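Protein chains in written order, with the working numbering: chain A, 1 to 441; chain B, 1 to 330; chain C, 1 to 349.
The hints are simulated quantities; they were obtained by calculation from the structure and are not laboratory data.
Any given hint could turn out to be false.
[Unchecked claim] In silico lysine-lysine, DSS-like type, Cα no more than 25 Å apart, as pairs:
| no. | chain 1 | residue 1 | chain 2 | residue 2 |
| --- | --- | --- | --- | --- |
| 1 | A | Lys-438 | B | Lys-36 |
| 2 | A | Lys-438 | B | Lys-89 |
| 3 | B | Lys-105 | A | Lys-438 |
| 4 | B | Lys-243 | B | Lys-259 |
[Unchecked claim] Output of the computed footprint for chain C on chain A, the stretches with three or more beta carbons under 8 Å from beta carbons of chain C:
| no. | region |
| --- | --- |
| 5 | 183–197 |
| 6 | 206–218 |
[Said to hold, decoys possible] Part of the chain C face toward chain A, derived, beta carbon under 8 Å:
| no. | residue |
| --- | --- |
| 7 | Leu-152 |
| 8 | Ile-156 |
| 9 | Ala-159 |
| 10 | Thr-277 |
| 11 | Val-282 |
| 12 | Phe-332 |
Keep in mind it's a predicted model, so treat the numbers as computed, not measured.
Beta carbons are placed, not taken as given, at the ideal position from N, Cα and C, and that holds for glycine.
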Amino acid sequence: MADKTNTIFRALDRKASAITEFTMRQYRTKISTWVVLITGLVIISLLMMFYVDAMQRDFESVDNDGDSVDSDGDSYPDGQERLYGTNPFSALSNPGFFDPPIPPDDPSVWIDEDDFDWNESPTGTRSVSVGYDDDGDCRTDDRTSSQKDTNDNGVECDIELSLTLTGEFRYDADSFVDEDPDDEAYAKEALHRASILGIGKLGFVFIISIFIPLFMATGLIRDEMNSGTMHYMLTKPIARTEVFFYRVIGYLGIVWPYLIILTLISAIVTGFAGPGDSLFRFSEFGIWLAILFAAMMATLVYGMLFCFLGVMWRYGIILAIPFAAWELGMALLSMGVPDAPILRFSVIGWALIIVDSASMIVWPDMALLIYSGFSVEGTDALGFESEELIGSEPLQYFYANPGLGNISPFLSMIIATVVLLIQATALLFLGGAIFKGKEIE
Amino acid sequence: MMPDIHQEGRAETTEWQPEQKAPVILLENVSKTYGKIHALSGVTLALSGGVTGILGLNGAGKSTLFKILMGKLKPSSGQVRLFGTNPWKNPAPYSRVGFVPEGEKMHDWMTAHDFISTFARLNGLTRDEAKVEADRVLDFVGLLDVAHKQIGRFSKGMRQRTKIAHALVSDPELIILDEPLQGCDPLARTTIMNVIRELGRMGRTVIVSSHILTEIERITEQIVILHHGRLLALGNLHAIREKMDNIPHRIDIGCESPKELAKSVIDIGSVHGISFQDPQKLTVQTHNLGDFHSHLPATIIDGGHKVNSIDNPDDDLASILSYLTGGGGP
Amino acid sequence: MSEQLDSTSQTTANDLSYSENVPVTGQGRMDAAWGSKDGDESTTAQVTSNNASVGYVFEQIYKPWNGPLNPRWMRNWAILRHHVLGIFRKGHRPWSLPTKLFIVIVFIASLGDVGLTLLSALIGSPELHTMWGVNRDNLYGHVLGFFPRNMLYYPILAALLVGGVISEDRYHGTSALYFSRPISRFDYVMMKYISVAMIQAFVVLLTLMIYYFVEIIVMGRGWAWIIDTFPLFLAAFVGGIILIVTYTSIGLGLSSVSKGKFFPGIGLVAIVLGTKTLAVLVSNLFERDVMYLLSPYDCLAHVGQALVGTQTTYDQYSWTWSLASLVLMNAFFLYILSSRVASMEVTRE
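Pulled out of the complex, with its shape left as it was, chain A reads as follows (with noise of 0.2 Å):
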């Protein structure tokens, strides 16, 4: 190895990196890349004001199971009187009439009285049995087993999450457990959560990713064959296809430093002001890298794609503009329909399994707390209407299982990123191939 300095890695090594730096610091000089970052930060910023005060924002508590009104009028509340086994609508049916006699209960104990207990979903076919009844209405002594286990799961007190063959989710509780969820604390957790999902997927994954590459790949190598300056790059003993190689690691050298700091503020905003006891949330961590990885994955097709596009035809911008517009017709039917067979042929349908894998993987629980936020909706057994809780609509908007059928989440993740790496390769490959038989005026 006395001659180290001459290897043919040394040189292609040289040339990698004269290519790169030359790329980064071309970029540089451009105002248009300022401008184009500048506007993703801003846009990110705004999302991240929006969330902050989302998160600030005091919400209503709603009596969703209807049970803080004192139906007899004994100024006892529905709940205590159920709880304790007396008449709701008789007023001659109260706790107070006991010995010793238990004062009523002010009605706000009887709000938001059963908290979530949320910390798994099913996955495969297994079902769960997950849930704690808060208020003990259900706990009661003087129901019977089979007043308790209303599902007939032989638990009582629980709520039996289970898929079914279709991949349906199924959410069978027994009666009263935790039918009075506290809504804000549900909501926060559910926007916070959607916030996550819906600016990392739309946000970081769409937007940032597709536009900046649309920005800033399509002219990597037209520009120069414009222009005339790549004559001076390819009149070197350098193959074309590094050259298109270089010159995408070299704009990548610019976008991802770009991206892991976006992600990282975004991270560390909703860290900190995200809901819960602790300072800061940093199981959610995996679910910002995730959607870093997916962003970066997705800007090195993109910015392949478009640079092909862009060595391939000198409007090349006029196939990549319609282009960007399918991908947006893509990420939107993804948050739908996640398996649809057509999100196979986009970039945006991998790139965001691997933030739904991850999704999966941080948040177990995300199933159940998306269908509680349902299940108090509708007309609960004493006729009260109730609406879902805020919060779970956009939840369940952006969050979507990964489309790849019931596998494990590392295993779908690991597809994605391999597809989304067999797509950059075909591109370099086709990019390269088209370059180098392009005839440069």
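Use these hints to put chains B and C onto chain A, whose structure you have.
Structure of chains B and C alone, referenced to chain A:
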């Protein structure tokens, strides 16, 4: 600026050894068409060593020829060999070639030194080697003192010299210059010409294109004339000129007393017409330029005439072309 | 011959390049025999005329042109014609082939509802006709529907058109050709603006008219129907004009600040689709519609809904806010456009 003639040997080309016998440039029946336009048609040419000028009017196919040589364009038909290999889709021979493209577009935001050292690294030099090399080539073209200024602030002459310096990195055996003198002021032109001559003297193969005959003939005598994509003439400029000597020519002699001079000049046998176009100028028409020029100095000295200038208005590319294409002299 | 060169003329005497270290190239012989020089053989001066001791002052007389100058509108018309006719034939502004192709494609695609109207008239199915025929919602949708018209057709059409309209002139230096003529910069920009808008109108408004008149003809509509629906048609038409004006303002504003062809095009699409996506995101997550005010498309849609009178999808605020936002957007980009063009250096950049 005085170029250093004691160069430190050539760049090593270890990976790839061409056939030593092959000419540096070989074109066989090369044509390039764009639809119905023939940019080049049936050019056959082999060059090795020395400085060669490619002459042709705008659109004669000079740049197309160079781009085909450099593998930028694919010939529609025919064979191209650069150091014995086909340059199309093959960057291997580029390590031995320096190319100065036409056009003014450069990376204006870089300094000349940055520009050259960054691109020198594509020749496989390390960062430090590239810096030394950039200093060397910039010194060669006389730009060392402005090496750290932005190219965007350079004059056209300095830009051309920067481009030449860029092409000289790694000391290539073949240097192709596409219109290196275009748009330069006289001073820059002289400097660039000196550089080119110097390269020729160092034993490099140099190919220069221009549409101005006088520029080329100050650099070299070996010329190739392209016209409408065809190879019109090839060889020594003098030989081409000698052939032209026997066609009618016009010579303007600026002097103080044209009428006096006319009396002496009319005696030269090859003169067949004289006219006075302005008070300080005599226009002589001759059908044998060589003969006229061999007698003219003696005539002037014998007559004691004061001559300010001797000018040949027909001496440009256009008249040579019109002669070579069979249109006859002016 | 070479021995004669010393005695030939004073040209050689002044030429310093005959030192030893210059290779013999035959140059001297050429200089002597052919007078082949252009003044830069050496850095020394060659004085051809000895009596030019004080120098001359050249007197040049410029002859003013006294011919009649065509009126301003006629000159402007020439610019307009140059741009608009470029779409149809050669010899005018060369729009790129893909742009022309895209115009044709969008034009045909915009006629989709016309085709379906014809089809429903042919089949005679009233259900189909209520779906595709002229009514309040469909008139609105023809111009301002998001998918696919304002996602795939009109913003991209505008992007392709504005792409190089001003930036290419700046890049190639052809703006100098305009400004060396008796044309004010305002007129120059105005005509570019109108020509781009006209081409868009050709696609957006002409297809709307075709749609409306085809309905009248194939369904045999009478005066009563026309009186009923004409205000709706007019409202959609006005909405279309606002759409064209807004997209053109944004696009030309961007075109005036950039040199390339890519940036204005992508910029326009990014503004239209990006702000739309952002607004959808914010509205979905945080139930705030305020971001719609930043989205040109949503403002257009809101104003259009108010004009045509369809169900409004933006119910958190009044449509006048959207109108105000549109006015602001137009004013902002027109300001950029005018200030950039006014200060534009007439040079090749």
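Hint by hint, here is what the structure shows:
| no. | hint | verdict |
| --- | --- | --- |
| 1 | A/Lys-438 with B/Lys-36 | 20 Å, holds |
| 2 | A/Lys-438 with B/Lys-89 | 9 Å, holds |
| 3 | B/Lys-105 with A/Lys-438 | 20 Å, holds |
| 4 | B/Lys-243 with B/Lys-259 | 31 Å, violated |
| 5 | 183–197 | holds (count 3) |
| 6 | 206–218 | holds (count 6) |
| 7 | Leu-152 | 5 Å, holds |
| 8 | Ile-156 | 5 Å, holds |
| 9 | Ala-159 | 6 Å, holds |
| 10 | Thr-277 | 6 Å, holds |
| 11 | Val-282 | 6 Å, holds |
| 12 | Phe-332 | 15 Å, violated |
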